[in-house]
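Peer 1: Sequences are here, hints too, so could you generate the full structure?
Those protein sequence lines, which keep their order, are chains A and B.
The opening residue of the first sequence carries number 1 in the numbering used here; numbering runs sequentially from there.
The opening residue of the second sequence carries number 1 in the numbering used here; numbering runs sequentially from there.
Keep in mind the hints are simulated off the structure, nothing from the lab.
Where is the CB? At the ideal position from N, CA and C, for every residue including glycine.
Treat the hints with caution; some may be incorrect.
[Said to hold, decoys possible] Have a look at the derived ranges for each label pair, beta carbon to beta carbon:
1. Arg128/B with Lys65/A: 51 to 61 angstroms
2. Thr266/B with Glu463/A: 44 to 54 angstroms
3. Glu349/B with Gln268/A: 21 to 31 angstroms
Read off the chains here:
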Amino acid sequence: MARESDYGVNDLGLKIATVNGTGSASANGLLLQALFRMGIPVSGKNVFPSNIQGLPTWYEIRVNKDGYTARSPDFQLIIAMNPESYARDIEEVVSGGWILYDNTRELDDEFRRDDVTFLGIPLADMCVEHFQGSRIRILMKNITYVGALVALLDIDMDVVKGMLQEKFASKQHLMDANFAAIEVGYTYALEHFDCPLPIRLEAMDKTKDCVMVTGNAAAALGCVYAGATVGAWYPITPATSVMDGFTEYCRRFRVDPDTGKNNFCILQAEDELAAAGMVIGAGWMGARAFSPTAGPGISLMSEFIGLAYYAEVPCVFFNIQRTGPSTGMPTRTQQGDLMLCAYASHGDTKHIVLFPADPKECFEFSIQAFDLAERFQTPTFVVSDLDIGMNDWMIPKLEWDDSFVPDRGKVLAADELEKVENFYRYLDLDGDHITARTLPGVHSKGAYFTRGSGHDKYGRYTEDSDAYVEVMDRLLAKVESAADHVPAPEIFETDGGKSVGVVSVGGCHWAVLEARDALAAEGIEIDYLRIKGFPFSQAVEQFLEDHGTVIVIEQNRDEQLKNLILLETSCAKEKLQSVRYYGGQPLSKGHVIEGVTPFLTREPVEVSQ
Amino acid sequence: MSYIKKPAARHPKLRVNSLGLTVRDYEGSMSTLCAGCGHDSVTAALVQAFFELEVEPHRLAKLSGIGCSSKTPAYFVSEAHGFNSVHGRMPSVAAGANAAHRDLLYVGISGDGDSLSIGLGQFCHAIRRNVNMLYLLENNGVYGLTKGQFSASADIGSTSKGGVANQQGPIDPVNTALSLGATFVARSFSGDKNQLVPILKAGLSHNGFAFVDVISPCVTFNDHQGSTKSYAHTRSHMHEVIETDFVPLKTEITTEYSEGSVQGITMHDGSVVKLHKVADEYDPTERRAVLDYLADVGSRGEIATGLLYLEESGADMHGFENTVDRPLVEIPFADLCPGSKGLEEVQKEWW
Ligand SMILES: Cc1ncc(C[n+]2csc(CCOP(=O)(O)OP(=O)(O)O)c2C)c(N)n1
Ligand code: SF4
Ligand SMILES: [Mg+2]
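Peer 2: Right under this line is the structure:
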């Protein structure tokens with residue numbers, strides 16, 4: 001819908017509409033990175049079809065001087081490169097905004113709007129004139145619009161050229177073509193339009209301690225840093241790039257220099273059942289092993305997850321959530337697997353779950369996940385989503401403490417086994433609900449039978465009620481005791497505390513923060529807690545207790561986080577209100593404000609969305 | 001309770017191997033299977049093979065799926081770690097375990113339901129991956145543990161205990177393994193320990209996926225007349241294509257073999273497998289010829305047994321993956337974590 005645009009320097013929503021498979025990704029990446037290097041806070045979101053070539057695809061760039069990175073559906077400028085999607089793209093720009101399009105073929109009158117400015121550039125014609133060969137012409141069309149944007153938005157040309165030089169250092173002909181394309185677009189815009197537009201950009205210094213990365217790359221790097229050696233997977237959007245990243249970083253850091261052989265083993269399994277089995281097999285041997293997948297994969301893995309829970313085998317699963325149920329919308333985001341991961345598998349099970357909100361936490365939580373999995377000897381989930389995993393995020397630079405020692409949990413070495421009279425796998429000797437394990441190949445005294453069938457605390461098969469219950473009760477206590485070890489919630493409290501509190505999780509965070517600021521500017525203050533781990537800690541319980549109304553904001557239809565809170569805390573049902581958005585786009589400020597307003601005592605606040 | 005600890009009585013005259021262990025030291029807890037179950041005979045053959053191969057118990061890893069057959073890892077080598085996984089999924093657990101720790105000896109026990117129905121996919125892919133392990137399929141033509149339903153290995157016309165004839169064609173695991181490129185394929189019979197033990201020893205010495213299909217009759221649900229997986233039927237229809245003689249590394253080869261009918265194959269660990277062929281033209285190293293030969297034998301209603309195919313030169317999973325020689329679980333953390341310097345380096349590309 002058309003809305004009024006407020007112009008401002010370094011405050012811009014830009015959307016590029018192209019066709020899948022035409023090479024626009026590198027042009028869009030170039031643009032994003034240029035703004036980032038100009039020191040301006042940016043975020044980039046890829047809205048892509050489940051298709052390889054030919055369908056419409058969009059890239060959204062949000063520039064925000066205040067550092068808000070949540071998706072904003074307000075676009076002041078649309079680069080409409082796909083005639084197929086002209087209708088919806090042109091409709092989407094805010095009133096007073098601009099539409100850059102290729103006027104090699106003039107726009108039909110039906111698309112015209114008189115409240116926006118059309119910037120026609122004969123991109124195709126110019127590329128035919130300047131470049132030879134159809135492939136290069138298609139590619140350079142993208143670079144040409146970047147050139148035009150350099151003039152229209154006042155982007156630092158030196159930064160753009162510097163990046164092209166880095167990128168094509170070894171490919172002179174491509175560098176020449178890219179430089180030419182940038183010039184062509186730039187010159188045309190300067191000659192034909194009033195440059196820069198009021199939505200221009202200006203260098204800042206807000207990104208110098210930051211990096212730009214996807215959550216999946218960061219999670220993959222986390223696995224390398226955690227010391228994971230076995231990765232098993234079956235390709236699935238949006239989790240595939242976790243294993244792509246792990247492969248890349250392993251090739252870089254984990255190839256033995258003397259032999260050229262790998263200090264890692266990546267198994268592309270026949271399906272997710274097998275991937276789970278491999279991870280559990282490796283965990284049984286004492287390796288740190290993981291599998292990245294999405295909801296459909298977790299569904300398939302569920303039988304094995306229950307085995308790992310009951311037999312107490314450490315293993316780590318990444319669920320990069322996408323829109324369900326079933327195949328759902330594979331290239332859209334959601335938080336629809338919260339319940340699935342918390343209780344995956346039949347029978348009584350409960351799992352440790354970590355919820356990163358950005359790539360920085362993807363890195364940190366993946367390392368913590370391995371520590372928790374081994375300490376508590378249980379499946380541990382890192383539940384991210386497509387938006388965090390596949391989109392470009394600006395995050396503070398990651399740090400590493402070289403004195404880090406992984407927590408391998410209670411594992412008896414050969415000399416320790418030598419000293420014990422008898423080893424019993426599931427006997428809790430020190431009352432912390434965690435029992436020592438042994439690894440195959442170490443000592444015959446440590447041998448035991450790992451099984452998913454009923455067993456007593458000695459590790460023996462049993463069908464005896466009391467012996468079974470005793471183990472099951474310890475397992476519950478064990479996983480619950482992890483509540484103090486999962487990342488603590490992040491709490492934003494206003495002086496004195498407010499009666500209304502908001503609870504949210506994962507990638508909702510950025511929209512909630514932005515909405516909270518906007519509400520505060522209107523004089524409405526709310527407290528906010530972001531859950532980072534499950535089981536819930538005492539701090540979560542306390543926040544729920546301290547607030548008369550608690551609004552749970554999440555991205556699924558069935559109020560999964562709210563229901564998890566009801567199940568797992570003593571919070572009264574009447575206290576909890578729910579705000580849900582589950583249409584598949586990342587959450588934005590508007591969703592939050594619109595959602596929470598009915599529960600606030602003050603007058604509702606007008607917001608655009 | 002189906003866990004019964006065996007009395008530790010030991011015969012003073014029992015033979016001792018070079019590790020100072022007797023055959024009894026390779027036993028496990030008392031079997032809870034039906035008396036006469038073929039699976040128990042396979043267990044006994046395994047115990048014998050481990051004893052004779054002088055396997056260090058703690059260097060052995062035993063895995064299985066679910067079924068009567070899959071219970072058997074509890075009944076041998078109690079001083080080895082065991083993993084009774086989920087129905088049909090043992091191959092993936094074995095692959096992951098082996099990926100992490102390549103130096104252990106892996107034995108997987110499965111059933112015809114476990115490997116050919118629910119687990120057919122994992123079975124096939126373990127072969128393709130050439131996971132270094134001995135894989136035993138204790139084949140009785142039925143789902144024993146769920147009380148006698150036909151399995152995917154039941155022959156057409158074979159009758160159930162209630163007299164119903166099976167109509168669907170069987171999946172022949174030997175054929176399947178051969179056509180998928182398995183590097184060690186054998187078939188034997190639980191009632192023929194003399195044949196089975198050397199095959200098991202050869203399989204344990206093989207570098208790669210050693211597949212042994214063992215006809216292992218279910219006395220409770222599939223040993224009646226009309227069944228093609230009964231003791232009587234198997235005994236009378238067995239056709240030993242090849243006789244296996246396993247010569248361990250340490251043993252000097254003293255036996256003389258008549259040329260032509262005997263083929264010697266040196267295994268990865270230096271031991272030698274001598275194959276005595278029934279027919280001179282049979283070549284256990286020619287996959288296509290083996291498939292043809294087996295088809296002939298099968299068309300006569302006979303069951304070809306022996307170490308049917310062997311290829312010792314192929315790469316196993318670690319060869320495909322180019323994994324380091326030392327087990328991944330033994331690599332110190334310092335060699336795995338790129339540290340702050342590495343992080344700095346990576347992040348330069350994120351700018
Ligand atoms: C997912 C799942 N489905 C069904 C079962 C029930 N079940 C247990 S054993 C078995 C069949 C075992 O047959 P087979 O592998 O031939 O072993 P046998 O008992 O004949 O040795 C079945 C269907 C199960 N354990 N798990
Ligand atoms: S039911 Fe059949 S397979 Fe199972 S233990 Fe008894 S005889 Fe063996
Ligand atoms: Mg069976």
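Peer 1: Now tell me, hint by hint, if it's right for this structure.
Peer 2: Hint check results:
Remark: the range hint 51 to 61 angstroms for Arg128/B to Lys65/A is upheld by a beta-carbon distance near 55 angstroms. Distance hint for Thr266/B and Glu463/A: a CB-CB separation of about 48 angstroms, consistent with the stated range 44 to 54 angstroms. A C-beta distance of roughly 25 angstroms is found between Glu349/B and Gln268/A, which places it inside the suggested range of 21 to 31 angstroms.
Checked against the numbered hints given earlier, the structure satisfies every one of them.
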